[in-house]
Amino acid sequence: MSVSRVLLGILAEGPAHGYDIKQAHDRHFPGAKPMAYGQVYAALAKLEQEDLVEVIERGREAGPDRMTYAITEAGREALVGWLSATEPAGPYSADDLVRKTVTALRLGRDAVGFLAAQRQVHLASLKRLLALQASTDDVAARIVIDHAVEHLDADLRWLETAAARVGSTTDDRKTRA
Amino acid sequence: MTVLLKAHSVRKSFVRTEALRGVSVEIAAGESVAITGPSGSGKSTLMLCLAGILRPEAGEVYYDEQRLDRLGEAERTRLRRREMGIVLQFGQLVPELTAVQNVALPLLLQRHDRTSARRAALSWLERLGADDLADQVPAELSGGQAQRVAVARALVTGPKVVFADEPTGSLDTVAGESVLGELLSAVRDTGATLVMVTHENRVAATADREIVLRDGSVEGVGVVS
Numbered sequence: 001m002s003v004s005r006v007l008l009g010i011l012a013e014g015p016a017h018g019y020d021i022k023q024a025h026d027r028h029f030p031g032a033k034p035m036a037y038g039q040v041y042a043a044l045a046k047l048e049q050e051d052l053v054e055v056i057e058r059g060r061e062a063g064p065d066r067m068t069y070a071i072t073e074a075g076r077e078a079l080v081g082w083l084s085a086t087e088p089a090g091p092y093s094a095d096d097l098v099r100k101t102v103t104a105l106r107l108g109r110d111a112v113g114f115l116a117a118q119r120q121v122h123l124a125s126l127k128r129l130l131a132l133q134a135s136t137d138d139v140a141a142r143i144v145i146d147h148a149v150e151h152l153d154a155d156l157r158w159l160e161t162a163a164a165r166v167g168s169t170t171d172d173r174k175t176r177a
Numbered sequence: 001m002t003v004l005l006k007a008h009s010v011r012k013s014f015v016r017t018e019a020l021r022g023v024s025v026e027i028a029a030g031e032s033v034a035i036t037g038p039s040g041s042g043k044s045t046l047m048l049c050l051a052g053i054l055r056p057e058a059g060e061v062y063y064d065e066q067r068l069d070r071l072g073e074a075e076r077t078r079l080r081r082r083e084m085g086i087v088l089q090f091g092q093l094v095p096e097l098t099a100v101q102n103v104a105l106p107l108l109l110q111r112h113d114r115t116s117a118r119r120a121a122l123s124w125l126e127r128l129g130a131d132d133l134a135d136q137v138p139a140e141l142s143g144g145q146a147q148r149v150a151v152a153r154a155l156v157t158g159p160k161v162v163f164a165d166e167p168t169g170s171l172d173t174v175a176g177e178s179v180l181g182e183l184l185s186a187v188r189d190t191g192a193t194l195v196m197v198t199h200e201n202r203v204a205a206t207a208d209r210e211i212v213l214r215d216g217s218v219e220g221v222g223v224v225s
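Heads up: the sequence lines are chains A and B, in that order.
1 is the number of the first residue of the first sequence in this note's numbering; add one for each residue after it.
1 is the number of the first residue of the second sequence in this note's numbering; add one for each residue after it.
Each hint should be verified, as a subset may be incorrect.
For each label pair, taking beta carbons as the anchor points, the in silico distance ranges come out as [unchecked claim]:
1) A/128 - B/217: 23 to 33 Å
2) B/185 - A/28: 23 to 33 Å
3) A/143 - B/170: 41 to 51 Å
4) B/92 - A/28: 58 to 68 Å
5) A/28 - B/170: 47 to 57 Å
6) B/8 - A/128: 50 to 60 Å
7) A/116 - B/170: 34 to 44 Å
8) A/116 - B/92: 49 to 59 Å
9) B/185 - A/143: 45 to 55 Å
To be clear, the hints were calculated from the coordinates, so they are not data collected in a lab.
Just so it is clear, CB atoms sit at the ideal spot from N, CA and C, and this is done for glycine as well.
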C-alpha cells in the first residue's frame with residue numbers, strides 16, 4: 001500500500017518511465033533497501049488497474065520500462081488522503097535480535113557475549129549511516145536517514161538495557177549463592 | 001602505533017564508591033576513542049584520570065611516556081594547559097567573560113599577548129561559525145552556541161589531545177550533531193587525539209574505537225569500523 005502511494009508521490013511531480021520511478025524512489029530513501037524493479041512494475045500495474053495512474057506513452061520496444069506513467073485525478077485524491085491519514089503505532093513483531101536473545105536466555109546460554117558483539121555491529125552500521133547523512137544537504141534525505149538512525153539507536157539502547165538486566169540477574173544469583 | 005595515553009591498573013575511589021577497579025587502557029596518538037557505559041560505570045572518572053585532573057590511588061597513568069600521576073599539581077596543570085583541550089557537557093564558560101575572552105583565556109594563561117590571543121580566538125570562533133557571538137556573554141548564548149565556544153576554547157592552544165565529557169549531552173539532536181561535526185572535523189584537521197565520554201550511541205559511533213566500562217572495569221573494547 002504505502003509503496004504504491006510513494007510512487008504516486010513521485011508521479012505527482014510529473015510523468016516518468018518505470019525505470020526513472022525506481023531510481024527516484026531509491027534516491028528519496030538513501031540508506032534504505034533499494035526497491036526491486038519487479039516491485040515497481042507490480043505496483044504500477046495495480047495502480048493502473050485502479051485508475052490511479054495511466055500510461056500516456058508506449059515506447060516502440062516492449063516492456064514496462066519503456067512506458068511513461070502519469071498520475072490521474074483520482075490518483076491525486078488518493079495521494080492527498082494517504083498523506084493526511086495517520087499510521088498505526090505498532091504492535092511490532094519481535095525481530096531476530098529479540099528472538100535470538102530470548103532463546104539464548106531461556107536455554108541459559110551466554111546472551112551477554114552476543115549482546116556485546118551485536119552492539120559493535122549496530123555501531124558500525126550507525127557510523128555508516130551518519131557518514132552518509134553528513135554527505136548530503138538534502139533535508140528529505142537527511143530525514144530518511146534520521147529514521148534509520150533512530151531505529152538503530154533504539155536497538156542499541158535495547159541491547160544496553162538487556163545486557164544490564166541479564167548482568168544484574170547474574171549478580172543477584174551470585175550474591176544469593 | 002604510538003601510545004599517547006595509557007592507564008595501567010588504575011583504581012580510584014570516592015567517599016563510598018569505588019569508581020575504577022583496576023582499569024587498563026591504551027590510546028594511540030591521533031585516534032578517536034569513545035568511553036561508554038551505564039551511569040556510574042566510571043566513564044568520567046577514567047577521563048579525568050587520563051587528563052591528570054584526578055589522581056588515582058593505585059595504578060599508573062602515562063601521557064606521552066611520562067608518569068602523569070607522579071607529577072605535582074602545578075606541573076600537571078602546566079602540562080594540561082599546553083597539551084590538552086577539554087570540553088565539558090555544559091560548556092563551563094566563565095560567565096563574566098565574553099565568548100571571545102573565554103576562547104582567548106587559555107592562551108593568556110600561557111602568557112600570550114592580548115592582541116595575538118584575541119586574534120587566534122576570533123579565528124577559531126569564525127571557523128566554528130560563531131564569530132558573530134564574539135562579544136556576547138555565556139548567559140546570552142543558547143546551549144549549542146555555548147558548546148561551539150567551548151570547542152573553540154579547547155582547540156585554540158593546538159592541543160595534542162582533546163577530552164570531551166558528554167559534549168552533546170545537553171543539546172537536542174540537530175544542535176548536538178552540528179557541534180559534534182565541528183568538533184570532529186577540527187580534531188581531524190589538527191591531527192589531535194580525541195577522547196570522548198558519552199552515553200549517546202550517535203556520538204560513540206563516530207569514534208574509531210569504543211571502550212565500554214561497567215562497574216568500574218573495562219567490559220570490552222570494540223573497533224567501530
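Going through the hints against the structure:
In this structure the hint that residue 128 of chain A and residue 217 of chain B lie 23 to 33 Å apart at CB holds, the actual value being about 30 Å. The hinted range of 23 to 33 Å is satisfied by residue 185 of chain B and residue 28 of chain A, whose Cβ atoms lie roughly 28 Å apart. Taking 41 to 51 Å as the suggested C-beta distance range, the pair residue 143 of chain A and residue 170 of chain B does not conform, at roughly 24 Å. At roughly 42 Å, the beta carbons of residue 92 of chain B and residue 28 of chain A sit outside the given window of 58 to 68 Å.
At about 33 Å, the beta-carbon gap between residue 28 of chain A and residue 170 of chain B misses the expected band of 47 to 57 Å. Under the hint 50 to 60 Å, the C-beta atoms of residue 8 of chain B and residue 128 of chain A, about 34 Å apart, miss the expected range. Distance hint for residue 116 of chain A and residue 170 of chain B: a CB-CB separation of about 28 Å, inconsistent with the stated range 34 to 44 Å. For the pair residue 116 of chain A and residue 92 of chain B, the supplied restraint of 49 to 59 Å is violated, since their beta-carbon distance comes to about 33 Å.
Taking 45 to 55 Å as the suggested C-beta distance range, the pair residue 185 of chain B and residue 143 of chain A does not conform, at roughly 23 Å.
Hints 3, 4, 5, 6, 7, 8 and 9 from the earlier list are contradicted by this structure; the remaining hints agree with it.
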